[in-house]
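Protein chains: 2
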Amino acid sequence: MITANKIEVCFTPNNFHLYDNASSIVVVIDVLRATSAICTALFHGVEKIIPVSSIEEAKAWQAKGYLVAAEREGVVVRGFEFGNSPFSYMTEKVKGKEIVITTTNGTLALEVARSSYKVVAGCFLNIDILYHWLLKEDRNIILLCSGWKNKFNLEDTLFAGALVNRLLQSGKFMTECDSAMASNYLYEQAKSDLYAFLDCSSHRKRLEKLSLEKDIRYCLTPNLTPVIPILEGNGLVKLQPAERLINYKK
Amino acid sequence: MITANKIEVCFTPNNFHLYDNASSIVVVIDVLRATSAICTALFHGVEKIIPVSSIEEAKAWQAKGYLVAAEREGVVVRGFEFGNSPFSYMTEKVKGKEIVITTTNGTLALEVARSSYKVVAGCFLNIDILYHWLLKEDRNIILLCSGWKNKFNLEDTLFAGALVNRLLQSGKFMTECDSAMASNYLYEQAKSDLYAFLDCSSHRKRLEKLSLEKDIRYCLTPNLTPVIPILEGNGLVKLQPAERLINYKK
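In the order they appear, the protein sequences are chains G and E.
Position 158 of the first sequence, counting from 1, maps to 325 under the working numbering, and the rest follow consecutively.
Position 243 of the second sequence, counting from 1, maps to 410 under the working numbering, and the rest follow consecutively.
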């Protein structure tokens, strides 16, 4: 009997301790916008993203001469050059650099997941390459949504659902996890128009107030940045062999 | 401008501290089966249900001569007479009695909600009367799902969604809470056949293994026990005026 690998979804970082992560791959998800920014950065030539939890740590890195991004409540923290808008990570200035980043939710999720077998960052921007890599890795998977201040959020759940949907269809995975099932059901309802489905969601409203419509549309577009950010040591780097998994037009 | 009251859904007891409950009504939900058992008990003449968190506390009450119900992992704990099957609470034996109860999830949720403005127990068995009472009370509402060992579960979420759905339709409530929206979306998908929708859910499977099909079907049937259990002091009692809110055939 072949036992299928297991998929679970954890909706918030503070519940992650309830999941057995020692031999699982953890996909950290912060669609709006941390993991979208991280994928964008690595795709556009940033060498490494170093996530830190607090503003204090971020300042300490800044003092050492690093480029530092800091976001709280959707806006760039005073005293820092940029936040988590993916568009900040497409410039020549960041190419080849190591960038330190702290955000409201995403960097916290990366922090709690740190001790897992492997930790990667996921979002719609890298969904296909991530899916193919997960198939090849053949391990139990925990999808960790960053949420909003440890509360459930819709956009991360929809991305989790999109992955659950495809992984279950592959026949190589199973789930007995109610949050994985719920994510899949919600994705099924939302998939024809993710943007419209998120119309009432709390974080989309929050970002709309900040005129970040362009960011939202970008972050909901599949496969714009086919890279897999993987945690190695203190930072996320581009998983090198991943690019060979599938052929993309560059 | 009239400000509508707010509805929020908290998926697990350990996240309840993130919600501002001091002036809110909290509806504690454990569809399979604690809040269904509590509604059934009060409807069938039990005087009071005293929820306690641990087996040790339950034993201490037992030593004082109380009837004590104790459930863990879906089964009656050794040394106790009954667990949380609603059918245990329909007998002459329990009529007029105060019963102490401890369960895997529901009594924990009641415990964390204790300091709220008002705490009531909800489930499909009392949905209509609860809905009408919430309309009349005209307060912010937090729907607290008991989940399964602090993980999200589908059945409690579907009941939360059923209430959110009706409360939003009344026009007297609004929500900016993503978990309330998700619950509503899931309920919309499930409502034509809740039993079938829960077919793959983890807890339904758990109870099926224990041959508790009859309990599940009972717990998913609306309005069998039109009472509102409300926390007063150390226990849940039947809210007296609630019966006058709507006319039920007894």
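It is worth saying that the hints were derived from the structure and are not from the lab.
One or more of the hints may lead you astray.
Same chains, same label: a pair holds when it works inside one copy or across any pair of copies.
To be verified - Calculated lysine-lysine pairs in the BS3-like style (CA-CA distance at most 27 Å, straight line):
1) K372 <-> K262
2) K173 <-> K376
3) K358 <-> K215
4) K376 <-> K231
5) K358 <-> K264
6) K372 <-> K339
7) K260 <-> K285
8) K339 <-> K264
9) K339 <-> K376
10) K285 <-> K316
How do K173 and K376 come out at 27 Å by Cα distance, when the copy is not named: within, between, both, or neither?
between (39 Å within a copy, 20 Å between copies)
Quick one: K339 to K376, C-alpha cut-off 27 Å, is that within a copy, between copies, both, or neither?
Result: close only across copies, 25 Å inter versus 42 Å intra.
If the cut is 27 Å between Cα atoms, do K285 and K316 qualify within a copy, between copies, both or neither?
both (24 Å within a copy, 25 Å between copies)
Which holds for K260 with K285 at a C-alpha limit of 27 Å: within a copy, between copies, both or neither?
So K260 and K285 fail the 27 Å test inside a copy (30 Å) and across (56 Å) alike.
Status of K264 relative to K339 across identical chains (alpha carbons, at most 27 Å):
neither (38 Å within a copy, 53 Å between copies)
Since the copies are identical, ignore which copy is meant and state whether K376 and K231 lie within 27 Å (CA to CA) inside a copy, between copies, both or neither.
neither (34 Å within a copy, 59 Å between copies)
Using 27 Å as the alpha carbon limit, work out where K358 and K215 are close: within a copy, between copies, both or neither.
neither (32 Å within a copy, 47 Å between copies)
With identical chains treated as interchangeable, where does the CA-CA distance between K358 and K264 reach 27 Å or less: within a copy, between copies, both, or neither?
Neither, since 36 Å and 52 Å both go past 27 Å.
27 Å Cα cut-off: does K372 pair with K339 within a copy, between copies, both or neither?
Classified as between: cross-chain Cα gap 21 Å, same-chain 37 Å, threshold 27 Å.
Could you figure out if K372 and K262 sit no more than 27 Å apart (CA to CA) within one copy, between two copies, both or neither?
Neither: 32 Å inside a copy, 52 Å across copies.
Comparing the model with each earlier hint shows violations of hints 1, 3, 4, 5, 7 and 8; every other hint is respected.
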